[in-house]
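Could you put together the complete structure from these sequences and hints?
Just so you know, the protein sequences line up as chains S and R, in that order. Numbered per our numbering, the first sequence finishes at 207, counting up by one with no gaps. Numbered per our numbering, the second sequence finishes at 364, counting up by one with no gaps.
Just so you know, these hints were derived from the structure itself, not from any lab. Glycine included, C-beta positions come from ideal geometry on N, C-alpha and C. Just to be clear, a hint being listed does not mean it is correct.
[Stated by the list, open to error] Okay, the calculated beta carbon distance ranges per label pair:
{"hint": "1", "chain 1": "S", "residue 1": "M(-1)", "chain 2": "R", "residue 2": "G359", "range": "51 to 57 Å"}
{"hint": "2", "chain 1": "R", "residue 1": "E240", "chain 2": "S", "residue 2": "F157", "range": "40 to 46 Å"}
{"hint": "3", "chain 1": "S", "residue 1": "L86", "chain 2": "R", "residue 2": "G323", "range": "53 to 59 Å"}
{"hint": "4", "chain 1": "S", "residue 1": "G153", "chain 2": "R", "residue 2": "L301", "range": "40 to 46 Å"}
{"hint": "5", "chain 1": "S", "residue 1": "R190", "chain 2": "R", "residue 2": "L328", "range": "37 to 43 Å"}
{"hint": "6", "chain 1": "S", "residue 1": "K8", "chain 2": "R", "residue 2": "P334", "range": "23 to 29 Å"}
{"hint": "7", "chain 1": "R", "residue 1": "L301", "chain 2": "S", "residue 2": "R193", "range": "24 to 30 Å"}
{"hint": "8", "chain 1": "R", "residue 1": "L328", "chain 2": "S", "residue 2": "R193", "range": "44 to 50 Å"}
{"hint": "9", "chain 1": "R", "residue 1": "F300", "chain 2": "S", "residue 2": "R190", "range": "55 to 61 Å"}
{"hint": "10", "chain 1": "R", "residue 1": "E297", "chain 2": "S", "residue 2": "R190", "range": "18 to 24 Å"}
{"hint": "11", "chain 1": "R", "residue 1": "A353", "chain 2": "S", "residue 2": "V14", "range": "25 to 31 Å"}
The residues making up each chain are set out below.
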Amino acid sequence: MALPGQKQPSNMEEFLEGIWKQNPTFVMVLGMCPTLAVTVSAMNAISMGLATTFVLVASCLLVSTVRNIVPPQVRIATYILIIATFVTVVDYAIQAISLAVYDALGAFIQLIVVNCIILGRAEAHAAKNPPVRAAINAVGMGIGFTIGLFALGGVREVLGAGKLFGISLFGPDFQPWVVMVLPPGGFFVLASWLLLFNWLNSRKTRADRIETVGGHVHGA
Amino acid sequence: MAPESLGQIFVGTLLSNNFVLAMFLGLCPFLGVSARINTALPMGAATTFVIMVASLCAFGLNWLVTTFHLEFLRLISYIVIIASAVQLVEMFLKKNSPALFRALGIYLPLITTNCAVLGVALFQTAREYSFLQAMTFSFAGGAGFTLALLLMAGLRERLNFSSVPNVVQGTALSLMLAGLLSLAFMGFAGLGAGE
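Structural data, given as C-alpha cells:
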C-alpha cells in the first residue's frame, strides 16, 4: 500500500525491482542453500530457477488473493502451507517431465519450501498488494533469482568442467579447475560476484561524491 | 533399509558430508548468527534439538503416509511438524531463558525455514534409514551444524581485530571464509564411507 503523497510504483518498476535493484541473489543474499548447492552446471541452475519462479509466482498470487481473509496470527502457517502445496506440484511435474533433471536436483526441489525468498516475498510484498501487482513483482523476482543462479552455474561449469550446457568450450586439452564444481567453489564464486558488485558500487559512490563536491575526477 | 552402520553415518554426516560446508544446508543462520561464539553455541544446540524432534516426527509421519498411500502429503505434513516443533522450543526458551531468547532474536523462529531441518527429514526418507540410523543421522547433522557455526564464529571474532579492505567487508568476506572452511573439510572426504 502506498502512503498518501508517496508515488505508487508503476508495474514496470515492480517488475524490474527483482531483476536489478533488489536482486534476491546479489543484493538481498537470500535463498543461499539452493543457490550454492545446485549450481554445478548451467542447466541445473536454470531448471532450479524456473521451478522456484513458478512456486514464487503461484504462491504470491494466492497469498495476495486471500490476504484479507487470513487472520494475522496464523498468516505465516498459511503461507507455508500454500508454498508447500505448490512445491509438491512442481516436484511431481519435474518427475513427469524429465527424470534426469529430477535426479540432478534431488531433495533440493522439495527444499524450495524453505527458500527464504518465497516466504520473504509473500510476507513483505504479496500480503500487502493486490494480486496482479504481487504476481508482476514475483515474476521479476523469479527472473532475478534465475539470472543469479545462471551467473553462478555458468561460471562454475565453465571453470570446473570446461563446458557450458554440456558443450565443451576449450577442446580436449583443457585441464578443468575441479574445485569450482565442488562445494568450496560455490562459496568462492558467489563471494567473487559479491566482490565485483561491491567494487562497482564503491566506485560509483566515489564518483558521485566527487561530482557533488565539484572537484574534478582524475583518471580511474 | 540402508546398509551403512551407525558409526559410518555419524562420522560421515559430522565431517565429510557436513551439512553446512559440504551440502549447503542451513546457510542463512550460518551466515547470520556466526558473529559471536556465545550466541553460536546456543543457536547450534537449539537447532540440533529441533532437527532431532523433526527427524523423530518425520519418521512416524513417513510410516503413516506410506501406510495410507498419501505420499503427496509428505512434504506438507513435514513442514507443519517442523513449524510446531520450533514453536515449542521458542516457548520453552522464552520462559526459561529470556536473555538467550532475546539474543537469538529473529533467527529463532527462522529455524522453521532452516533447510537443515527439512533436509534431514527429506534425506532420511530418501535414503530409507531405519529408526536408529535416522536418529544418528539427525544428531550428527545437528552436531556438524554446531561445529561449523562455532568454527566460523571463532574466525569472525578474530577478524574483528584485523584490518580488511572496505570492498571485501560484509557477506563477501563471510563467504570467502566459508569457502576456506569448506576446502579444509574436503580433507575429510572418504572418511566414514566404509570399505
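Please write out, lowest number first, the hints stated earlier that are contradicted by the structure.
Result: hints 3, 5, 7, 8 and 10 break, sorted rising.
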